[in-house]
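K.L.:
Given next are the chains, with one letter for each unit.
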Amino acid sequence: MIDFFGDYTLRVVALGSGILGAVAGALGSFAYLRRQSLVGDALSHAALPGIAIAFLLTGGKAPLPIMMGAALAGWVATLAVRLVVRRSRVPYDSALGMSLAVFFGFGLVLLTFIQKRPDAAQAGLDSFLFGQAASLLREDVVAMSILGAACLILLAVLWKEFKLLSFDTEFGESLGRPMRRLDGLFTLLLVVAVVIGLRTVGVVLMSAMVVAPAAAARQLTNRLAPMVVIAAAIGVFSGVSGAILSSIIPHLPTGPTIVLVLSTVVVVSLVFAPRRGLLWRWIRLGRLQPSAALDPVLMHLYALSQQHPDEPDHGHPMAVLRTMSPVGADIERVLVDLQARGLIEAVGEGLWAPTPIGRREAERNIDRADELRS
Amino acid sequence: MIDDRRFALEVEDLTVAYSDQPVLWDIDLVVPAGDKMAIIGPNGAGKSTLIKAAMGLVPAVAGEVRVFGRPFAKGRGEIAYVPQRSGLEWDFPTDVLDVVTMGTYGSLGWFRRPGLVERERARAALDEVTMGAFERRPIAQLSGGQQQRVLLARALVQEAPILMLDEPFQGVDAPTERAIVAVLDRLSNEGKTVIVVHHDLQTVPEYFDSVLLLNVRAIESGPVADVFTEENLRLTFGGRVGVLAQLAAAETDR
Numbered sequence: 001m002i003d004f005f006g007d008y009t010l011r012v013v014a015l016g017s018g019i020l021g022a023v024a025g026a027l028g029s030f031a032y033l034r035r036q037s038l039v040g041d042a043l044s045h046a047a048l049p050g051i052a053i054a055f056l057l058t059g060g061k062a063p064l065p066i067m068m069g070a071a072l073a074g075w076v077a078t079l080a081v082r083l084v085v086r087r088s089r090v091p092y093d094s095a096l097g098m099s100l101a102v103f104f105g106f107g108l109v110l111l112t113f114i115q116k117r118p119d120a121a122q123a124g125l126d127s128f129l130f131g132q133a134a135s136l137l138r139e140d141v142v143a144m145s146i147l148g149a150a151c152l153i154l155l156a157v158l159w160k161e162f163k164l165l166s167f168d169t170e171f172g173e174s175l176g177r178p179m180r181r182l183d184g185l186f187t188l189l190l191v192v193a194v195v196i197g198l199r200t201v202g203v204v205l206m207s208a209m210v211v212a213p214a215a216a217a218r219q220l221t222n223r224l225a226p227m228v229v230i231a232a233a234i235g236v237f238s239g240v241s242g243a244i245l246s247s248i249i250p251h252l253p254t255g256p257t258i259v260l261v262l263s264t265v266v267v268v269s270l271v272f273a274p275r276r277g278l279l280w281r282w283i284r285l286g287r288l289q290p291s292a293a294l295d296p297v298l299m300h301l302y303a304l305s306q307q308h309p310d311e312p313d314h315g316h317p318m319a320v321l322r323t324m325s326p327v328g329a330d331i332e333r334v335l336v337d338l339q340a341r342g343l344i345e346a347v348g349e350g351l352w353a354p355t356p357i358g359r360r361e362a363e364r365n366i367d368r369a370d371e372l373r374s
Numbered sequence: 375m376i377d378d379r380r381f382a383l384e385v386e387d388l389t390v391a392y393s394d395q396p397v398l399w400d401i402d403l404v405v406p407a408g409d410k411m412a413i414i415g416p417n418g419a420g421k422s423t424l425i426k427a428a429m430g431l432v433p434a435v436a437g438e439v440r441v442f443g444r445p446f447a448k449g450r451g452e453i454a455y456v457p458q459r460s461g462l463e464w465d466f467p468t469d470v471l472d473v474v475t476m477g478t479y480g481s482l483g484w485f486r487r488p489g490l491v492e493r494e495r496a497r498a499a500l501d502e503v504t505m506g507a508f509e510r511r512p513i514a515q516l517s518g519g520q521q522q523r524v525l526l527a528r529a530l531v532q533e534a535p536i537l538m539l540d541e542p543f544q545g546v547d548a549p550t551e552r553a554i555v556a557v558l559d560r561l562s563n564e565g566k567t568v569i570v571v572h573h574d575l576q577t578v579p580e581y582f583d584s585v586l587l588l589n590v591r592a593i594e595s596g597p598v599a600d601v602f603t604e605e606n607l608r609l610t611f612g613g614r615v616g617v618l619a620q621l622a623a624a625e626t627d628r
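One line per chain: the protein sequences are F and U, in this order.
Under this note's numbering, the first residue of the first sequence is numbered 1, with each subsequent residue one higher.
Under this note's numbering, the first residue of the second sequence is numbered 375, with each subsequent residue one higher.
Read the hints as simulated data drawn from the structure, not as lab findings.
Among the clues, some could well be false.
Partial pick of chain U residues on the chain F-facing surface, computed with a CB cut under 8 Å [claimed, not checked]:
1. M429
2. L431
3. V435
4. K448
5. G449
6. G451
7. P457
8. P467
9. D469
10. Y479
11. F485
12. R487
13. A514
Note that beta-carbon positions come from the ideal geometry of N, C-alpha and C, so glycine has one too.
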């Protein structure tokens with residue numbers, strides 16, 4: 001075990017990663033609830049050309065111009081998306097994907113161009129792709145803390161406005177609140193969060209920092225404030241523990257390690273979260289609902305047979321069952337399977353009817369479904 | 375302009391288009407104060423768009439809206455809006471009381487948070503729509519009818535003299551429909567103006583005093599007794615059989 005409080009570099013790196021986690025987690029919750037998770041992705045990828053241009057203009061990697069360049073490029077990318085959506089029939093998510101690809105591609109071209117130049121200063125510029133937390137300096141962390149604190153304070157002050165924006169923009173507008181300006185401000189805050197993460201996780205992995213804590217936190221609570229706090233906490237935990245892990249284990253890059261820790265938290269919460277988790281649902285519903293969900297074909301056949309109550313052996317063609325089922329469902333295999341279990345029988349060429357056992361099974365399924373609903 | 379409170383809402387020459395396709399064409403509408411009006415028309419007639427455009431929620435190509443004789447920008451605070459239930463994200467992490475409290479945000483302004491007073495107002499509104507017992511229920515766990523009552527309560531909290539509701543009876547259960555009708559009647563009796571986008575022709579004479587028949591253009595508007603005629607309905611709905619059958623059923627009910 002290494003001495004966390006004695007190791008200056010580790011302390012700086014862990015602090016920087018923690019700040020990033022808190023800000024990205026809190027803001028990401030709102031992005032997630034607004035179904036704007038892709039925006040974080042587009043913003044961070046779009047930052048790359050801004051970084052390259054800032055480097056070309058200043059000839060160095062001073063934090064402030066690089067951050068400004070990244071923020072400006074991200075901002076321009078969102079404006080481009082808005083313009084495309086307003087002026088064309090391209091849907092929002094496609095416009096986001098396009099701007100992501102165009103900006104990121106342009107950034108890579110610039111990056112390659114810079115790296116071909118006989119210029120020692122460019123060394124390490126590619127660390128903005130995947131981050132290089134180990135190179136964080138005290139000044140970087142100070143800048144990150146100031147920006148991060150500004151974001152979180154704004155979020156707290158405009159809490160109810162951002163809640164309106166996320167839940168019911170139209171209603172907010174009807175109250176006379178300036179929803180479009182708030183939307184712009186929120187995008188700006190996301191840009192700042194991305195800028196905070198540039199040095200730590202880099203532009204490619206940044207979107208995970210925005211989306212993942214929110215997705216995990218949503219599993220764990222049904223209220224907004226706890227969700228934002230939990231998301232921020234998950235962000236801090238992942239940031240700090242990723243930083244520590246990567247310093248304990250040699251050659252482990254910090255950014256990707258943080259994202260891996262984060263992904264583990266997400267998977268655990270998706271599976272084990274009370275009420276919303278997969279495991280909980282499986283335990284709660286698994287015992288009660290299996291056959292109704294598994295044997296829709298049986299249920300259809302039962303429903304058809306109910307139309308001929310006096311004629312239990314009345315056969316129904318497979319084509320009818322096919323039209324009642326989802327496109328591409330393997331009806332033949334299901335029929336054979338049901339027949340093997342004694343639930344249905346063939347009563348003619350391509351005609352099927354439920355057996356008495358099958359009818360009882362179908363009725364039990366209906367009772368269970370009723371029980372579940374009550 | 376003088377302060378004229380005779381007319382709650384005046385819409386003049388309102389035209390709305392989505393990508394060059396006119397959705398509303400040159401709408402003129404006057405809603406007297408205290409009126410209880412239904413907006414009726416076939417699918418795609420622009421019913422929801424009309425109230426959204428009147429509230430400035432969708433951009434209008436042309437037209438003017440006045441609220442109690444004043445320009446809309448000055449009168450918007452006098453209108454409470456109930457959006458269509460289906461347009462909202464109900465898997466949002468919040469509870470019933472919190473949603474209803476949002477109705478107070480307009481009067482709170484920037485930076486102030488809702489406190490005890492606001493929550494008490496929200497509780498009173500919830501009681502009125504018989505949802506008082508559900509105030510801590512996550513909204514993800516509400517039925518459609520309960521969702522609709524929550525949205526109505528949120529608008530009641532605004533205590534506005536005009537209410538605009540977008541399809542409040544769409545897909546709700548009978549108790550919810552009765553609760554909404556009771557609230558609308560109460561508001562109307564207190565002199566408030568109620569404008570409802572409505573889809574059920576049969577209940578128009580029972581629930582409303584006046585009606586606007588809309589099909590991209592305003593076909594006719596006025597008191598139900600004068601305007602809600604078979605002839606006007608045929609003009610609005612293009613004489614489709616189902617509609618006329620519904621109307622016939624409504625006639626025999628009365």
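K.L.:
Run every hint past the structure and note whether it holds.
P.N.:
Status of the hints after comparison with the structure:
1. Checking U:M429 against chain F by beta carbon gives a least distance of about 5 Å; that is within 8 Å, so the hint holds.
2. Among the interface hints, the one on U:L431 holds; its C-beta lies about 5 Å from the nearest C-beta in chain F, closer than the 8 Å criterion.
3. Checking U:V435 against chain F by beta carbon gives a least distance of about 15 Å; that is not within 8 Å, so the hint is violated.
4. Below 8 Å, beta-carbon pairs count as interface contacts, and U:K448 has none with chain F, the closest being about 11 Å; its hint is therefore violated.
5. Annotation: U:G449 was flagged as interfacial toward chain F, and the flag is violated, the nearest CB pair being 10 Å apart, outside 8 Å.
6. Below 8 Å, beta-carbon pairs count as interface contacts, and U:G451 has one with chain F at about 6 Å; its hint therefore holds.
7. Here the hint on U:P457 is kept, as its CB sits about 5 Å from the closest CB of chain F, short of 8 Å.
8. Given hint, U:P467 at the interface with chain F, holds; its Cβ is 5 Å from that chain's nearest Cβ, closer than 8 Å.
9. At about 7 Å, the closest approach between the beta carbon of U:D469 and any beta carbon in chain F falls short of 8 Å, and the interface hint on this residue holds.
10. The interface hint given for U:Y479 is met, as the beta carbon of that residue sits about 6 Å from the closest beta carbon of chain F, less than 8 Å.
11. Interface hint at U:F485: satisfied, since its Cβ lies 6 Å from the closest Cβ of chain F, which is below the 8 Å cut-off.
12. At a threshold of 8 Å, the smallest CB-CB gap from U:R487 to chain F is about 7 Å, leaving the interface hint in force.
13. Below 8 Å, beta-carbon pairs count as interface contacts, and U:A514 has one with chain F at about 7 Å; its hint therefore holds.
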